[in-house]
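Engineer: Spelled out from the first residue to the last, the chains are:
There are 2 protein chains.
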Amino acid sequence: MNSSRLSFLSPETIAVVGASKDPTKRGYQAIRQLLLDGFSGNIYPIHPRETEFQGIRAYSTVASVPENIDLALICTPAVTVPGIMKELGDKGVKGAIILAGGFSETGEAGLSLEAEIAEIATEYGIRIVGPNTSGVFNLHARMNIVGMPNVQAGGLGIVSQSGNMALTIATEASMRGGLGFSTYVGVGNQADLGFNDYLAHMGQDPDTKVPVLYVEGFKKGRKFLDVAREVTKEKPVVVYKSGRTLAGQAAAKSHTGALSGSYDMTVDILDQAGLTVARQSNELIPLAEALLLLPPAKSNRIAVLADGGGHATIAADCLSEQGLKLVDIEEATRKKLAGILPSAASLSNPVDVAGGTDANPGVFADCAEILLSDPNVDVLLIVGLFGGYKLRFAESLGPIENETALRLGEILKRYGKPMLLQSLYTPLRPEALEILRNTGVPVHESIEMAVTCVAGLVQYGYTQKRNRSHPPTIANEQPEAARDLVKACRDDNRSALLEFEALELLKIYDIPIADYIVARSQGDLNRAVVKLGSGPLAMKIVSQDILHKTEAGGVKLKLSGRDALNSAYHDIINDAKAYKTGARIEGVLIAPMAKSGVELIIGVIRDPIFGPVLMFGLGGTMVEVMKDVSFRAIPLSRADAEGMLGQIKSSKILEGVRGAPPIDRAAIVELIMKISNLVQAHPEISELDLNPVFAHAVGFTVVDARIILDDE
Amino acid sequence: MNSSRLSFLSPETIAVVGASKDPTKRGYQAIRQLLLDGFSGNIYPIHPRETEFQGIRAYSTVASVPENIDLALICTPAVTVPGIMKELGDKGVKGAIILAGGFSETGEAGLSLEAEIAEIATEYGIRIVGPNTSGVFNLHARMNIVGMPNVQAGGLGIVSQSGNMALTIATEASMRGGLGFSTYVGVGNQADLGFNDYLAHMGQDPDTKVPVLYVEGFKKGRKFLDVAREVTKEKPVVVYKSGRTLAGQAAAKSHTGALSGSYDMTVDILDQAGLTVARQSNELIPLAEALLLLPPAKSNRIAVLADGGGHATIAADCLSEQGLKLVDIEEATRKKLAGILPSAASLSNPVDVAGGTDANPGVFADCAEILLSDPNVDVLLIVGLFGGYKLRFAESLGPIENETALRLGEILKRYGKPMLLQSLYTPLRPEALEILRNTGVPVHESIEMAVTCVAGLVQYGYTQKRNRSHPPTIANEQPEAARDLVKACRDDNRSALLEFEALELLKIYDIPIADYIVARSQGDLNRAVVKLGSGPLAMKIVSQDILHKTEAGGVKLKLSGRDALNSAYHDIINDAKAYKTGARIEGVLIAPMAKSGVELIIGVIRDPIFGPVLMFGLGGTMVEVMKDVSFRAIPLSRADAEGMLGQIKSSKILEGVRGAPPIDRAAIVELIMKISNLVQAHPEISELDLNPVFAHAVGFTVVDARIILDDE
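These protein sequence lines map, in sequence, to chains A and B. FYI, the numbering for the first sequence is 172 to 883, going by my numbering. FYI, the numbering for the second sequence is 172 to 883, going by my numbering.
Each hint should be verified, as a subset may be incorrect.
Which copy is meant is left open, so a pair is good if it fits within one copy or across any two.
As the list claims (entries may be wrong) - Calculated cross-link-like contacts (lysine-lysine; reagent style DSS-like; alpha-carbon spacing at most 27 Å): (1) Lys823 / Lys720; (2) Lys394 / Lys506; (3) Lys798 / Lys820; (4) Lys561 / Lys196; (5) Lys192 / Lys561; (6) Lys636 / Lys196; (7) Lys798 / Lys823; (8) Lys729 / Lys766; (9) Lys506 / Lys257.
Simulated from the structure, these hints should not be mistaken for laboratory data.
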């Protein structure tokens, strides 16, 4: 995987095409920052007339530069870019950063200009950052050509599709003292390099500990997922996805030409790939900080330590609303706490010291250590006033708070379990909290944000374990029978499989399908009764020309006995003919009525960005009105499939309500896995729908199946 | 309403019972703060032995104080409080603040101690704040005896059930420069005065512009709602309710009860009463600030002005996720914007200046004015870098930003429409943003929080209008027939009405009920066929001793014709007798099968805190698994009832899905109003359930009704 690294992001030589003497121009600022930071390589300003910029010799053309150029920053307008790119290509430049806007985000003309430069890049083997990018930096290489001042080197790698968001991230990091950056890339329009490439790079970059992404739209979504699944096994990756509503999508399109699909789908499959999804833009840095400083949580068992009932209550609410568990602490732990806290203290979780720290905030560190040494506790969250005791109670408590902060940091390291602190005094930036931050304990102003970070640590701990131990299953090869079936459909010039063909294909992939018969004659009807029993049976028209079977009178249910079958058969055929003259009628599909069960839907679409995605949900109004469904990109791991069942809001129904037995989860998981395999083996399938599937206490019945092939 | 004011919160004389010379004690701090602030009234330290505190003469007993005492601060331990209260009573003191803990929050003994002081208070006419309170202040009266330093006078009134939360609020307000307070009350255990009393006081207090409440639990919830409904017609009130995951799950006897008592219920009825509910604790002050500084929004039509695509996109997402509308701006507005912005600017909403402010941030004010003058725009949200141009672009832009801030403030006043600004530079506190705050424009760091405040302004604008023009309907008197019906049930020693009695009661309140017959004999069966037609009919056992009718074989459906009726009747009676020996059987209720329709549930519970609450939802799994229901306290206004239908997540089903016609909303609203009336007129009804009601395209059918009376 070492080839994923983008070597031009650690350049030894940089050309600035369109160097400038105007301090407000990027062609000036880039050179200035490189000089200020002490960039150790060579800088080559390119300008047709000028001979020098900020004391550095300029060249009139790229060709005239006397050595190889690793990286070129192009500061000139859009129309000049194709010509410059060719010059760069002739010179063998590896990477080009194109700042200019005026490409695909502006419409037709811009789109074709963007296609042109992408083509040139391919032809000459140049990698493009942008166009319409804010630039890049690699602070560990002292290479900052984004013109962002006051950033320090550290472990966060930033990939952002918005310059403003990059500034937001930088400002917030600076407020959280000590958070620094490795590499920044403004992705812009992704004419060539995209999120997948930058993430692969950061996965390999030893200076980047946590990649942080602001995404308006992916271009190679499928590739991105593959990369993310690998990278997140070793490093947490935090992502915020905007363009989640129609209004946001319209805004994103006019900003970077980005296209986005359903937000819920995107969140599900990003999580599946192991990414940590920030639901609000302001969670991006706090989550990244938590994942940078702390180990992932071993489980969702949390202890809260508070010095006030209000904060304890709010923390308990927030934790349980996020599905986290206020764990029962051990009797021995309670006893130890009782030994150092006043009798009014609450010793069950959340622990409230009830004034027990007022005279000596050092008691916090004692309590923290006692709680972290409890084997039931995997995360400790401290909420309340810490850091403000000096201000609130007495000047003399200041040094004790500072010392306590150091002790907390030491305890964090010793126990190796995540510890976070919320203090209402955070915005006042008291010394004790600055010390605490420096020891590696994240400090929050808001309880909600602290809890979001706890949830992020729990989630990453879980997904990392899941994805390390549950690789997605690799598909079977396409069996010959399946190939023949698809070919027959193609030969017949159909893109939709007839229902019995779809059922047949499912059977080839070992999916249990109830017996059925396609009746084309009286004889078939007789055989149906013999084979399927006397009822109740269902009959459905089989015709490539009739899409809406019910509308065409093509569905009859609960038929019992030979006579009912006969008359239904003739009615169906006649009604179909009347409904659509000349309709090609293959016959009538006869199958036993399904046993009742929980109505499920399993569908597959090919998302234009992410490729094949499987959807699972409850049928009927649940899916139609509540949109209560879960998504996973294909291929799935078994853990993914299991996760789909647990994730839907109405999952209680799967466990059995109103006296119904629980459904056969294992069978449904197996079904999902087989559908994942089938779709993997058949890239020509563009849509698949099992709707409904009736899930029973044992097994399931596929009641209707629809499979559509893509255009050849 | 003037009597609602608590005059002791503007005291002319204060006694400090348990005065102290120890600076860490409240009996010291209170006197010190009063002196520091220049409290103009008299202070009377009370101490058995000492004669002077901080230069003020002390008295050994309350009785020996030479003038009336308006307010007493009791700093002594819990056990001493009853004795002191009596002394205060003899002296004619109006209000007592009891700091000590050790009352109802600690268990049995504390509970009875609390009851004792409450009794003394009633006997002597003293009002109690607390016990277990952090204290009170009234900054406009220079009376701060909560010991909270560094608070300034202003328009926010704080009522908090947590000292930590009060500190949080004070700290956050100080960070938002210029936000000050009127009165603070730590409510503590509410032995006497509670949230309802403090809110009523603040409603009348001219110094309080926006009351802000942190609530763990209401005591007189019904009273509180009544007060809130009045106060919020004139002043916005912001509330955060904690303890929401544990709330009210007990005492849920019936199906409806199980879903009630929840946080969701509380939020619904607080909103109904006109309160602004903060969903997260950190939203409390931002919402209060917005409502303090800005007028309520006329509608949900929002314009966004951005200087970067990323922020524009995120703002668009957040706004539409909150149900707010990025309004179409007028052609004339676009033209005006085009005249001052570069061609790359996005002139549709969100407006992105695309660099058009880089050289002159003053253009922001021009754009803001253009947007606010558009009649389609009711709120303006500015997002991005404003305030950071000096830092980001050039020192020389600083004065321009400062001047622009002043202009924005002036524009805000001139147009009288809410304007809010988000800047990523907020945490750096640049001068321009401080100036902007001082002009009355709220400034936010986070887009999400800014949008939450926009939503709060829209919501308050809406609820204020709604509650001003739609008073809840006042109940009819109890008709004689209804009284007789209830009496008959009582006389029969039953708390549950038989089903036909429940239907009869509904009919008395003018609720349309399908014809039915209670058959007690063969002759009744014959009459049923004549009256109800030949079917299909439904039959249900009527017996006070059989609760689970289906289990007892007591329900038969879809019966057609006399024979079917006869045999079903005998089966039901026999099965019932076999099911429960000696069961008193009243007969069998016969009614036509209901036309199919959308299955609804309407229920009423008497919440122990809030009194009668009506619940509306879709029947079946929607209510059971998704808990997709809405709540309103009884009595409802018609607007409340309409709101219930629109609020449920599955409300699309009411509009007709899968080809079904929309339901008759007006009829269901009417039904809800009549149930509200009925329950108001019958305070003895403890539970009521219409489950299911089938809603049709025209009208509805009540399929099952259950009414329970309280214990007499």
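Engineer: List, from low to high, the hint numbers that the structure doesn't satisfy.
Structural biologist: Hint check: 2, 6, 9 fail, others pass.
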